[in-house]
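Visitor: As a plain string of letters, each chain reads:
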Amino acid sequence: MRFFLLCLFTLILFPLSGFGFQIEVRSPGQQAIPLAVTTFVPLEGNPPAEVIREFHEVLSGDLDFSGLFRLVDPDAFLSDAGRVGLESGQVDFDQWRILGAQALIKGGVFFNGSQVTVEARLYDVLRRRLLTGQRYSGAAGDVRTMAHAFADQVLKAMTGELGPFKAKIAFISDKTGRKELYLMDVDGHAPAQLTDHRAIVLNPDFSPRSKELIFTSYKTGNPDLYRKEIYTGREARISSRKGLNIAGRYRGDGRAVALALSQDGNSEIYLIGTGGDIHKRLTRNWGIDVDPSWNPDGDKIAFVSDRLGNPHIFVLDIFSLEERRISFGGKYNATPAWSPQGDRIAFSRLEGRTFDIYTVRPDGSDERRLTFGAGNKEHPRWSPDGRFLVYSSDESGKKAIYIMRADGSGRQRISSPGGNCLHPAWSPRW
Amino acid sequence: MKKRSAMRLFLVLAVSVLLCVGCAKKPASTMEEGYGSGEAAAGSGELGTPSYGAIDESAIGEGGAGADKIPGMGDDISALERVYFEFDQYTLTAEARDILARNARFLQANPGIKVIIEGHCDERGSDEYNLALGERRSRAVQSYLTSLGIPPSQMSIISYGEELPLEPGSSEEAWAKNRRAEFKQAR
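If you read the sequences in order, they're chains F and Z.
So that you can map any letter, position 153 of the first sequence is 153 in this note's numbering, and since no number is skipped, the others follow by simple counting.
So the mapping is simple: this note's numbering equals the position in the second sequence, first residue as 1, plus 1000.
Just chain F, with the same shape it has in the complex (with noise of 0.2 Å):
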């Protein structure tokens, strides 16, 4: 298990000479910092040159895709990118301000045979200094996570925030002709297939606390909420009770799950305990109230209501019961996603004829649109850091998983092809 030979992981930490720079990310018209990301040089044991190119891509895709930066062209490289000596003093960063950058990342490489390590720094280019350094150990094919988990760390030293490059994405694809579990890397790498059910898998979202997942199957033949640990590959079903037991969600402490029961005679939104156990009903309304999502702090959920004739989004306080409208616009508004900061709320719409994506205040105002094009694009849920959505779009003629900035910028195509990939969530830092 890669989780395990991770723990090999050594992790040391350079002292913080302040922040270079203090930017919050998710501001539109920000500046993009000019970043150099070099290939790492080898500096003992012949490391396999595929090991020290994959941490390049990797990390330069993410860094790319953070919209924090402008990667400056390699190909433009001057001679201190194959410089072995990573000390601060030792970097010429004259060669650098030259090409215009202001952030740099050199590291090195060490192999003995089975074992990779790799020292990367992040380097403040125009007051000379290293703003973060980090040591990863472990065997060669998990060089890609450690690319991840330095990618993360160098948001945080230029955000004061953590990235979710080290994360999975959960969805669901029927490529086996069924409608399953999957889990795949943030870029989409390695795939891999988590439930055999044979039915119909849907709808899976990550506990907050621990590597579990809760999921809806028909596997006995009705919609029954499961959940299920990912390394020992457990599952226990949790609600089973008569009609719908569908769209759970975790509350932020992990110890309770808010999903819609139709068990009454009509879709209602309850509060349950992980074991299945019912805490609270939250609404009590001849409408459909379905597709929960919890704000931070546990105390509110975003669901979807058609009280009022069509799907909107509405709040609920699960302490009053209060609820209150939110979307205004359009005739079918669904798949609500409270943003971990807790400031936006994401959802689909159905404009014309297509769903395009939209984020919205939790009290209704600021409303702004995220998607457009051809395409239904659905199901938007948030990265942990609330930088980035993952959603489901079907623009290139089959349903597929794409990320993209908060703002609606730099949408990219994640799931391989074949069949249809949708239902996606991304997962707390792995």
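Hints are computed from structural coordinates only; laboratory data are not their basis.
Hints should not be assumed to be uniformly reliable.
What the hints assert, rightly or not - Dumping the calculated BS3-like pairs for lysine-lysine here, alpha-carbon to alpha-carbon at most 30 Å:
(1) F:Lys300 / F:Lys280
(2) F:Lys242 / Z:Lys1177
(3) F:Lys242 / Z:Lys1184
(4) F:Lys300 / Z:Lys1177
(5) F:Lys219 / Z:Lys1114
(6) Z:Lys1177 / F:Lys398
(7) F:Lys175 / Z:Lys1184
Given chain F's structure and the hints, the job is docking chain Z onto it.
Guide: Here is chain Z on its own, set in the frame of chain F:
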């Protein structure tokens, strides 16, 4: 199943021809989707050439309730027709009620047959909302049948939302065919 339905088409067409000789009006179709009037019966062996030969055909009854009992059916529930819905609606149209009235007669005549009423949606919109809407549709059908005297114990409901479309594709026609409730036999 395909062969059986094709045979059924052949029988109905033959009977219809006998009953509607000279009629310009097309008989109301009770067939499943995909079997338009242009399709040949499998028995004829020639695709695209429907056999409207003037053969003599008569029904063989299993005895019992006469006009209410559909001849030769036994435990076959393919006489139970689908009903369709408008986008984002679960209310029954007048046509749906007519269909369900016919289905009710069959169910009344076959009290030993238990059915599952499945609710389905087209592919648009939230999968979860569609699961709930599909359930609304199946519940609406069940309620109406109950009001026509079918005992609730003879029916159960399930929703598949948009998960099991009848017709793949993203056209208005495909969507209209997928917004449905249909009947399956409970085991």
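Visitor: Next, verify each hint and record whether it holds.
Guide: Comparing the hints with the structure gives:
1. F:Lys300 / F:Lys280: Satisfied, since the Cα-Cα distance of roughly 14 Å is no more than 30 Å.
2. F:Lys242 / Z:Lys1177: 27 Å, holds
3. F:Lys242 / Z:Lys1184: 18 Å, holds
4. F:Lys300 / Z:Lys1177: 38 Å, violated
5. F:Lys219 / Z:Lys1114: At roughly 22 Å apart (the allowed maximum being 30 Å), Lys1114 of chain Z and Lys219 of chain F satisfy the hint.
6. Z:Lys1177 / F:Lys398: Given pair Lys1177 of chain Z, Lys398 of chain F holds - Cα atoms ~20 Å apart, limit 30 Å.
7. F:Lys175 / Z:Lys1184: It holds: about 27 Å lies between the C-alpha atoms, which stays within 30 Å.
Comparing the model with each numbered hint stated earlier shows that hint 4 is the single one that does not hold.
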